[in-house]
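Colleague: Chain by chain, the residues run as shown.
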Amino acid sequence: MAVGIQTPGIYLRIITAISLLVPGPSRLEWRREWEAEIVSRWLLLKQWERLNAHSKLDLFKRVLGSFLDVLCFQQRRTNLVLVGLNVLVALLIGFGALQVLIVRGIRDRQMQPLLLGLVGIVVCSLFITSGIALLRRWPTVRRLVIVTGTLSILLHIYGVLPPHRNMGFIALIVGAGYGLIMLLVFEWNEKRNLVS
Amino acid sequence: MTRKMNLSFAGAAILQALAHNYRYGFDIMDVTGLPSGTVYPALRRLEQAGLVLSKWEEEDTARKDQRPARKYYELTNGGRETLYEAVARYRRLGRAITKSAKGAKPSRA
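So the protein sequences, as listed, match chains Y and R. Going by the working numbering, the first residue of the first sequence is number 3, and it counts up by one from there. Going by the working numbering, the first residue of the second sequence is number 2, and it counts up by one from there.
Derived by calculation from the structure, the hints in this document are not laboratory data. The model shown is predicted, which means the values in this text are computed figures rather than measured ones. By construction, the Cβ of each residue, glycine as well, lies at the ideal position given by its N, Cα and C atoms. One or more of the hints may lead you astray.
To be verified - Selected chain R positions facing chain Y (Cβ under 7 Å, derived; list incomplete):
{"#": "1", "residue": "Gly38"}
{"#": "2", "residue": "Tyr41"}
{"#": "3", "residue": "Arg45"}
{"#": "4", "residue": "Arg71"}
{"#": "5", "residue": "Lys72"}
Stated by the list, open to error - Derived Cβ-Cβ restraints for the label pairs, each shown as a range:
{"#": "6", "chain 1": "Y", "residue 1": "Val149", "chain 2": "R", "residue 2": "Asn78", "range": "44 to 54 Å"}
{"#": "7", "chain 1": "Y", "residue 1": "Ser127", "chain 2": "R", "residue 2": "Ala20", "range": "44 to 54 Å"}
{"#": "8", "chain 1": "R", "residue 1": "Ile98", "chain 2": "Y", "residue 2": "Arg145", "range": "50 to 60 Å"}
{"#": "9", "chain 1": "R", "residue 1": "Asn78", "chain 2": "Y", "residue 2": "Leu90", "range": "20 to 30 Å"}
{"#": "10", "chain 1": "R", "residue 1": "Gly34", "chain 2": "Y", "residue 2": "Glu51", "range": "19 to 29 Å"}
{"#": "11", "chain 1": "Y", "residue 1": "Gln101", "chain 2": "R", "residue 2": "Ala63", "range": "51 to 61 Å"}
{"#": "12", "chain 1": "Y", "residue 1": "Ala55", "chain 2": "R", "residue 2": "Ala102", "range": "40 to 50 Å"}
{"#": "13", "chain 1": "Y", "residue 1": "Arg145", "chain 2": "R", "residue 2": "Gly95", "range": "50 to 60 Å"}
{"#": "14", "chain 1": "R", "residue 1": "Ala20", "chain 2": "Y", "residue 2": "Ile175", "range": "18 to 28 Å"}
{"#": "15", "chain 1": "Y", "residue 1": "Lys63", "chain 2": "R", "residue 2": "Leu94", "range": "24 to 34 Å"}
{"#": "16", "chain 1": "Y", "residue 1": "Lys48", "chain 2": "R", "residue 2": "Glu58", "range": "16 to 26 Å"}
{"#": "17", "chain 1": "Y", "residue 1": "Lys48", "chain 2": "R", "residue 2": "Ala20", "range": "29 to 39 Å"}
{"#": "18", "chain 1": "R", "residue 1": "Ala89", "chain 2": "Y", "residue 2": "Val149", "range": "46 to 56 Å"}
So here's chain Y without its partners, still in its complex pose (with noise of 0.2 Å):
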């Protein structure tokens, strides 16, 4: 993939990306370094003639590096952990949901699984968009979490009620369950940041 880069415009989009994961006040520094180096590192290979597939592939494996140094940004590796589950549980919610939707919300025209089909996608966003919120600590994260949270919880504990029961004990699980323990864990380890 790298073999054929003429610029280093593409090691610096890709460390533009990474940049987007790390909280607001240091990125600016952060990329900076990142793209001082890169841009150094380029201009002294081409210098020395040294500018070959293996020189770029080099780099290449460098600047993917900085994705674990934005890693190290994360304070509390609790953080990390939830920022995984929800993406996670996201995937299984938009799966589920999706399902639903089209299946018997849109081909069997039926309004109940329609309606929990779409809440279900707005549920899986809001999961993902609290993932990126504590990754780059968003001032608003703690909000976002509780209304993701929340809604999880009332849409399952909703979807398994007779007499519909348009999702099983498995879901409730994990969109209750994960719902709740994110609140949890979130709140916890908010009141152990005050505290250290």
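Assemble chain R onto chain Y, guided by the hints.
Modeller: Structure of chain R alone, referenced to chain Y:
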């Protein structure tokens, strides 16, 4: 302020590179052979612990070399002390390994 920290092998290698005047992230990678995903997070931790200090080089210096200004790292006094301790520890470990290797009977195939 320097915070006491357990120095890993990578951390010791980075401090050693800094002590030998390899001051930029990419140069430290070259000399230690460590990947960027190890060097940069370790530099951040070392800086947080007060063993390393980071500064931006002068724009004029960078302009003279026709490149952007880079961030460089240097050892603090605390970092130098920690490095000496780590080097002494690794020397002791090396001696202990050599001693036990000499004392061990060669295995017969």
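Colleague: Taking the hints in turn, state whether each one holds.
Modeller: Consistency of the hints with the structure:
1. Hint on glycine 38 of chain R holds. Least Cβ distance to chain Y is approximately 3 Å, under the 7 Å limit.
2. For the restraint placing tyrosine 41 of chain R at the interface with chain Y, the shortest Cβ-Cβ distance is roughly 4 Å, inside the 7 Å limit, so the hint holds.
3. For arginine 45 of chain R, the suggested interface contact is upheld, since its CB lies about 5 Å from the closest CB of chain Y, less than 7 Å.
4. Because the closest C-beta pair between arginine 71 of chain R and chain Y is about 5 Å apart, less than 7 Å, the hint holds.
5. With 7 Å as the threshold, the beta carbon of lysine 72 of chain R comes within range of chain Y, its nearest partner Cβ sitting at about 4 Å, so the hint holds.
6. The hinted window of 44 to 54 Å between valine 149 of chain Y and asparagine 78 of chain R holds, with their beta carbons roughly 49 Å apart.
7. For the hinted restraint 44 to 54 Å between serine 127 of chain Y and alanine 20 of chain R, the CB-CB distance of approximately 50 Å keeps it satisfied.
8. Between isoleucine 98 of chain R and arginine 145 of chain Y the C-beta distance comes to about 56 Å, which sits within the given range of 50 to 60 Å.
9. Judged by the Cβ atoms, the range 20 to 30 Å given for asparagine 78 of chain R and leucine 90 of chain Y is violated: they are separated by roughly 46 Å.
10. For glycine 34 of chain R paired with glutamate 51 of chain Y, a C-beta distance near 24 Å keeps the hint of 19 to 29 Å intact.
11. Taking 51 to 61 Å as the suggested C-beta distance range, the pair glutamine 101 of chain Y and alanine 63 of chain R conforms, at roughly 56 Å.
12. Here the CB-CB span from alanine 55 of chain Y to alanine 102 of chain R is close to 41 Å, well matched to the stated 40 to 50 Å.
13. About 55 Å separates the C-beta atoms of arginine 145 of chain Y and glycine 95 of chain R, a value consistent with the hinted range of 50 to 60 Å.
14. With their beta carbons about 55 Å apart, alanine 20 of chain R and isoleucine 175 of chain Y fall outside the hinted range of 18 to 28 Å.
15. At about 30 Å, the beta-carbon gap between lysine 63 of chain Y and leucine 94 of chain R stays in the expected band of 24 to 34 Å.
16. Checked against the hint of 16 to 26 Å, the C-beta distance between lysine 48 of chain Y and glutamate 58 of chain R comes to roughly 21 Å, which is consistent with it.
17. Our hint of 29 to 39 Å for lysine 48 of chain Y and alanine 20 of chain R holds, since their Cβ atoms are close to 30 Å apart.
18. For alanine 89 of chain R and valine 149 of chain Y, the hinted distance range of 46 to 56 Å is satisfied, since their beta carbons lie about 55 Å from each other.
In the structure shown, a violation is registered for the earlier hints numbered 9, 14, in ascending order.
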